[in-house]
Each structure stands twice: as C-alpha cells, then as structure tokens.
Amino acid sequence: MSIKVRIPSPLRNYTQGADVVEVAGTTVGEVLNGLKDKASGIETRLFKGPNQLNRFVNVYLNDEDIRFLKNLETPVKAGDELSIIPAIAGGKDF
Amino acid sequence: MSYVIGLKCKECGHRVPVSPVHVCQACFGPYEVEYDYAAMKGKVTRESIAAGPKSLWRYKDFLPVAEPKTGFFSGFTPFRKAVRLGKELGCSDLWIKDDSCNYPTYSYKERVVSVAISKAIEFGFDTVGCASTGNLANSTAAHAAMAGLRCYVMIPHDLEQGKVLGSLIFGPTMVRIRGTYDDVNRLCTEIADKYGWAIVNVNLRPYYTEGAKTYGFEIAEQFGWRLPQHTVVPTAGGTILPKIYKAYREFIELGLVEDNGPKIYSAQAAGCNPVVKAIHKGIDIIEPQKPNTIAKSIAIGNPADGYYVWHAVKDSGGWGESATDPEIVAAIKLLARTEGIWTEPAGGTTLAVAMKLIQQGRIPKNESIVVSITGNGLKTLEAVQNDLVQPEAIEAKISEFDELLARQGSQNLSEAKAADRASRKPVSVI
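So the protein sequences, as listed, match chains D and R.
The numbering of the first sequence is the working numbering, which starts it at 1 and goes up by one.
The numbering of the second sequence is the working numbering, which starts it at 1001 and goes up by one.
Don't read these hints as lab results, they were simulated from the structure.
C-beta atoms are modelled at their ideal positions from N, C-alpha and C, and glycine is treated no differently.
Take the hints with a grain of salt, since some may be wrong.
Heads up, incomplete: computed chain D residues facing chain R, CB under 7 Å, no partners named [stated by the list, open to error]:
| # | residue |
| --- | --- |
| 1 | Asn54 |
| 2 | Phe56 |
| 3 | Val57 |
| 4 | Arg67 |
| 5 | Ala78 |
| 6 | Gly79 |
| 7 | Ile85 |
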C-alpha cells in the first residue's frame, strides 16, 4: 500500500521537482524511510539519526502533527497523506 | 551604508546571499542575517544612533534594509519607570517598555513589519501577507496600505473582534482559517511556496525577525545606554525574546553598553506554555501543545523559534514561568490601575509572570527590571468585559447624582478594602 507524501520546495531538488511522491509503508517512519529509494539523499535532510527527525522538520499525517499522534510509529492507511513542512513560526511573536 | 554580509544558517552555518529565502537548503534550519561587526566598530556609535530619526530606523545600521520604505513613525515608544506599580510589588527599579502605543496599530509588530515590508519592496514583491494571531495582521494590513501593496492576512477563525476589524479596515483580503494559529502558519508555509508572495513571517522571516531587535535597542538607549539586569518578555512564536537578547549582545559587542550579564525571562500563558515547560524540564525539546487561553495573541502551541527562546533564557541565566487566565486578567487590571496602561492579555501574562518571578526570589526586588508590554488592551475587550461592572444609568438630575454618590460611597469603601486585600495576596505559583 502506498500513500502520498507532499514535498516542500526546499526538498524538491531530491525529487526531480515533484511536489508529491507515492511511497509504500505501514507507519509514518516506514514511509519516510522509504522516501530515499525515490529521492536519494533526502534522508540526510529529514533524519538526524535512526528514527530521529531533524529539529526543523515537522511532519503532518493528514492535518495532524505526528507529535500529537505516535510520532514515527503512527500507523498509516490507504488514502492518508503525509506533509513535510519546515518548522518556522510567526504570529506574535513574540 | 549597509553592514549586511548575507544570510547564514543558524544551525549548520551554510551561507547564501541576501534573497527571499528562509529555510536552509542544506539542513532546513532557519537563516539569520549576518553583519560585519568589525566594520561597524567605531562607526556606529551612541552619537550616530542618537542623531537618527525618532523611530525604529535610528537603528538602521543593525537592520537588513538598504532604504526604509515604511515605519517612519513606528518604534521609539515610551520607556517609563513604573513607580506606582513598583510600590505595589515592592520593587525600587521597575520599568515598562510600552509598545501598546506603537504606531500605527498599537503593538510591537510594527517593528518586524516595517523591516519586512521595506525588504519586500526592495525584492520587488507586489503582494504581502502573514499568518497571524491578530496583531501582526493589523500591522501588515496597515503598512501594506501605506505602501500601496496587495495584502492577504490569514488568521485563526476565532479571534477577538478588535483584531478582526482592526485588519479589515485597511482593506486586505482576510482569510479566516478553521483551526489554531499553528494550522494557519502551516498553510501559509504552503501558500508562500505556491503563490510566491512575501509572507512576512514565513519567507521574509530572516529580515522580519531582525526588526524585533529594535525593542531591545530602545530599552538600552532609553535606559541611559545601559542594560536592565532583568527583562521579562512574552513568548509566542519565539521571535522577540531571542532578538532582544541579540540586541543587548550587539550593543555589548560594539561597546555601546557595558556587559552586566542581563538576564532574560520567558512569559507564557498556562494554557499554552510549551517553552516554559521545556525550560522547567531543562531539556531543549519543545513539545507542541493545543492552546487553550484567553491570551490568544500568544497562543502558539508549536513555536519553531521556541528552541532559540530556550537557549537565550538559559544562556543569559534567566528563567520562565506561566500565568493562568485569572492571573492574566488581574495583572491587566493592576497595570491599568497603577500605571494607566491598558495592555492585552499578552501584556497581562508578562506582568503576572514578572510578579511570580519576583515572589519566587528569582528576580531580586532591588535590581533593575523591565516588563515588556507588547500590545494594546483596546483590541481585546472580550478579555476583561466580564470582570468590569457596567455602571448604572441615572437621570440628568443633581439629586440622582447625589443619591448615587451616597450609595457608591459606602459601596466603594468596602470594595476598596477588598481590592486592597486582593492586591496584597500572593500570586499562587503553578
């Protein structure tokens, strides 16, 4: 089963410009790890170490931050969509 | 002349020329503007700054803008000794930096927006926008109107009316998003990507955030070219606190002020305190939260610059605390009653937290303390409307007035005693 992964523009040089890549997997971690087969080198941008995302990478399953779910262990099913979003903040800001 | 060298990634040090990018291509970390401090030494002086305009642009040498395009009347807000509030709290050297009257939309956001919009024009954008909890939307819409730019402001759907109308009046396209600020911010990241607009706090973020330094520069200059020992600052997305600290460090670096080891403290609402929790835990991993507080302008559960807040606080030897909604409202009223300043819940949070830190003994009562007031209470009527008693109406007759005064006289006396007791009661620590 493969699900759609949305790629932000700073990472599209790894996907030949594609903004969506389909990857197989049963958990968020499996899907993100599987990305490297289709986008070689992207894993060094996403992961700091095995199963540890870089600090500035936020991942959303459908509309929810995976840190509110089970992080990389979160199960995925057909029709789900993963989004990779650079962590930047704003508003007040303070 | 400009002392900007270029952009440098805060994480991996990767450098790129000045351009509308915000995320490091190498590591996804945020870019920050790099300056040639060596060239500034001896050229940027107290005198050269004091000779500048009475606006945030007097610090232009520390900002990444070739030519200011807006914000000519923004910044340089009052910095006042809070004598009556200080008396209530037992503090002898308490100060307020008051951006509740910052021009033209009454919040600290004028500082960041003035820099970001000047930069947007420099880059050739004709459309600007923002993800906002209200104040930023007000400011972006007003400055865009002044500069004649198209403007899109994206906000959470449930903001205070003052903040909604306070943007709409300037004629931007406003988009209300069903979700929290964090959802709005995430959408704006995708909008900036897709439409190529200048979203001031997204793709112009490295420039935007630099504007926040002017709050710290002003404190230092207005305090007589010295630094307060303790500065309490609200934290939402995490822009202003690290930038005040950076402003202090830059002035120290250039020899404009003495390094007295200024400590910085983070204030958050108890209903949204991811950074304060991380400070208390002693671990620099900010766990995101779902906000639930009346302090909507600082209700950001996933502050990406929270990591930098954590480090500025720790590096300076400061601390962080949070305040409950009732404590926030009580602090808003206390500031109004003692100093004649009406701030929004973010300011109430900052004062309530300052009071806690003083009570805990973390901030000594006899040292210099600055409470950072960053927004105006007139925009957030909802926060206090249930806490203030609407006065009864009378006929325009002196006899009715006399009766009212007599009735209130006895009432006011007992209320005053109760208020006096309440104000002396220690604030509970969470």
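Tested hints:
1. This hint holds: Asn54 of chain D has a C-beta 6 Å from the nearest C-beta of chain R, less than the 7 Å allowed.
2. Given the 7 Å rule on beta carbons, the hint for Phe56 of chain D holds: about 4 Å separates it from the nearest Cβ of chain R.
3. Because the smallest distance between the Cβ of Val57 of chain D and any Cβ of chain R comes to about 6 Å, under 7 Å, the interface hint for this residue holds.
4. Taken as an interface hint, Arg67 of chain D checks out: its beta carbon lies about 5 Å from the nearest beta carbon of chain R, inside 7 Å.
5. The closest approach between the C-beta of Ala78 of chain D and any C-beta of chain R is roughly 23 Å, which is over the 7 Å cut-off, so the hint fails.
6. Here the hint on Gly79 of chain D is broken, as its CB sits about 20 Å from the closest CB of chain R, past 7 Å.
7. Below 7 Å, beta-carbon pairs count as interface contacts, and Ile85 of chain D has one with chain R at about 6 Å; its hint therefore holds.
Comparing the model with each numbered hint stated earlier shows that hints 5 and 6 do not hold.
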